[in-house]
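> Quick mapping for you: the protein sequence lines, in order, are chains H and U. When you read off a place in the first sequence, starting at 1, and then add 1246, the result is the number in my numbering. When you read off a place in the second sequence, starting at 1, and then add 1246, the result is the number in my numbering.
Check before you lean on any hint, since a few could be wrong.
Label pairs and their calculated CB-CB ranges [claimed, not checked]: (1) 1434/H x 1277/U: 53 to 59 Å; (2) 1332/H x 1408/U: 46 to 52 Å; (3) 1300/U x 1511/H: 52 to 58 Å.
Derived list of chain H stretches under chain U, where covered just means 3 residues or more per stretch with a C-beta under 8 Å from a C-beta of chain U [to be verified]: (4) 1270-1284; (5) 1425-1433; (6) 1456-1462; (7) 1469-1476.
By construction, these hints were calculated from the structure, which means they are not laboratory data. Even for Gly, the Cβ is constructed at its ideal location relative to N, Cα and C.
Read off the chains here:
There are 2 protein chains.
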Amino acid sequence: MIVEVVAVGTELLLGQIVNSNATAIGAALAERGYDAHFQQVVGDNTDRISGAVRLAISRADAVIVTGGLGPTQDDLTREAVCRAVGLPMEASEAHVQALRRWWERRGVAMAESNLRQAEHPAGAELLANPKGTAPGLALEHEGTLIFCVPGVPAEMLHLLGEEVLPRIGGRSAEKAVIANRLLRTWGRPESYVADALDDLYTGAVNPSLAFLASGGEIKVRITAKAADRSEAFALIEPVESEVRSRLGPTVFGADDETIERVLLQRLNQLGYTIAAAESMTGGLVAAALTSLPGSSAVFKGALVAYERGLKSRLLGVEGGDVVTRETAERMARGGRELLGADVAVSTTGSAGPEPLERPAGTFWVAVSTPDHTQAREMRMAGDRERVRAYAVTSALQLTRLALLGTWWKG
Amino acid sequence: MIVEVVAVGTELLLGQIVNSNATAIGAALAERGYDAHFQQVVGDNTDRISGAVRLAISRADAVIVTGGLGPTQDDLTREAVCRAVGLPMEASEAHVQALRRWWERRGVAMAESNLRQAEHPAGAELLANPKGTAPGLALEHEGTLIFCVPGVPAEMLHLLGEEVLPRIGGRSAEKAVIANRLLRTWGRPESYVADALDDLYTGAVNPSLAFLASGGEIKVRITAKAADRSEAFALIEPVESEVRSRLGPTVFGADDETIERVLLQRLNQLGYTIAAAESMTGGLVAAALTSLPGSSAVFKGALVAYERGLKSRLLGVEGGDVVTRETAERMARGGRELLGADVAVSTTGSAGPEPLERPAGTFWVAVSTPDHTQAREMRMAGDRERVRAYAVTSALQLTRLALLGTWWKG
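So here's chain H without its partners, still in its complex pose (with noise of 0.2 Å):
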């Protein structure tokens, strides 16, 4: 099964946006063992795509569009696969009432021209996007699958996901599938777990193994081929076994558990509830704790203290230096108290790029349980940016290993 990506926008070839919906549906692909032999990026001129499609559909047996299915003049794909084609446009009635729906939940009179997006080539099956209002298109000519698929990454992964690559794989011969297990790592550099299990890294054929970083966490994925997906996990169990009780509790869960899921679920098991008091990361630590649904069955809020005379008045912060072990102590049992939570957790420090008392980069993390009260000073190289993400990080993991009865030793 030969598939080629067709990147569409004049933004793509003048360097103004990267190409990542062709790294990512490359890497997708990839991943269920489909072949890719050329990639393509072609302007907003309705010829060239035209004749790029043409030139894909020549030698693919699938081809994916990404990009011009918006509602403005310049986005040309669907008028261009019509050319492709030989096939001419047609308007979707049924699309035309879920667009004037979607404009009318948001409460907004809809501009005629977004009616373009109900468009399409006569007889192409139109692809539900619940993230947006340009549907995905699929049609077949002359043996090659075809499918647009809107340039906005969120829509076009979800498309992706949900309906294109199930349509290549009912249509694919290929028997072989590829699956993997990523364990998810945090305290440890990577150098250390490389170091760890290098025996099981050298020779490591079928499952092989990848170390990854990324976020703040180490990742080590373990990839196996076989007939089907339970031959392959069975080749992955004891590879991960044996991983997981190398690494001990630096694995923190597996393929999409990340920490804020692992911490949710640890609180909702304990029954406890949590809150935040929060300087150097303005915030993020609470967007974190409330980024899945359910949260509010565990969070209770979170209180910045930016200013430093809001860290005395509702935390109880002393005077002097505020980024210690101690004000980071008094910021979690005082967001503990303030905020009516079982379990606290807070950051001071300095965010960069100026020094604040500390050089930038270094802060401060505490967890206040119904048990204790712990802190830990870290450092972070790198911009604000980095620098804030990592302490995020911290201080999700730190109260992970608080509650677990552990404490990192690092």
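Use these hints to put chain U onto chain H, whose structure you have.
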């Protein structure tokens, strides 16, 4: 002058790395006023690379091939270019000597496979690469300039700037530069903005207009081509004035003036401090207000009152429904008082996926200043992440409008 980039590497097709080389080259070409109609990506396969290069030669005045110049068996660009243009391979004795010296200086024995890097299509010019061992290549075929540069970004960028662009410039009759102005708007849908500017868009060549939707904003890009930057901006200015006058306070900034930056600047001008009282945005408004260095000069703090009891105990909200104008207004007033700020912004609503009093995606924003307290109901379709992000943008934008003495009438 039409220039086409051909990026070589199976790792690009597999989505293992992003094609940042194509982005960087695209931006450099656009800045110099060259046209780009297509980009290609092709895997490590001699026939396919050769086909991609032939296609590019057939439609461009200059072709830049990146990648596939290393010393290993899967570096096939040299062979593929020979095949594409019908030239034999030859070896440069001078470069063989240079390679031997390079390895000697590093004190490492050279593997003989490195000598492949001294090979090139007969008659091609070798372009010096001080950052690596693979020289670039320059040749001409049927009036098209062909350049090969390594895929390592630092080596590619060096050769692009020092060797490739000057040679294209020497050939090009093009003396022009391209300049852009990005106008950021909020409060009107993309279709409304496009309709309002339709006559400026249609048939406009220099400057030209484009519409981009991202991050909850609609951006209008005005692009002009001229002999130098000041002439280009002289073309842009009258169009920019017309766009600004038609869109009014919908336009909140230009180029890198994000809403966070614009709002902090306005607060600084007025000598006002700000605070937030958040429910459904869970700390994200505070996080946005503290995302920039120097925010501590105007930002006091925030209360995230997720639990109903906190809204009444700390912000003075009375019983009854919470997704209402009254709750939003009381939260904003209560936030100003609790946190001691001149201005406070509040959010209360249903982030989803489950409805809360009102359908998911419905929320209220209130802004309380020393003069007024005003609230507005908003709606956004989509998942929890999208709804929360839109609520943050709305909170910041409505605060900006309140401080301008304008309130969104949309």
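> Any hints this thing doesn't respect? Which numbers, in order?
1, 5, 6 and 7
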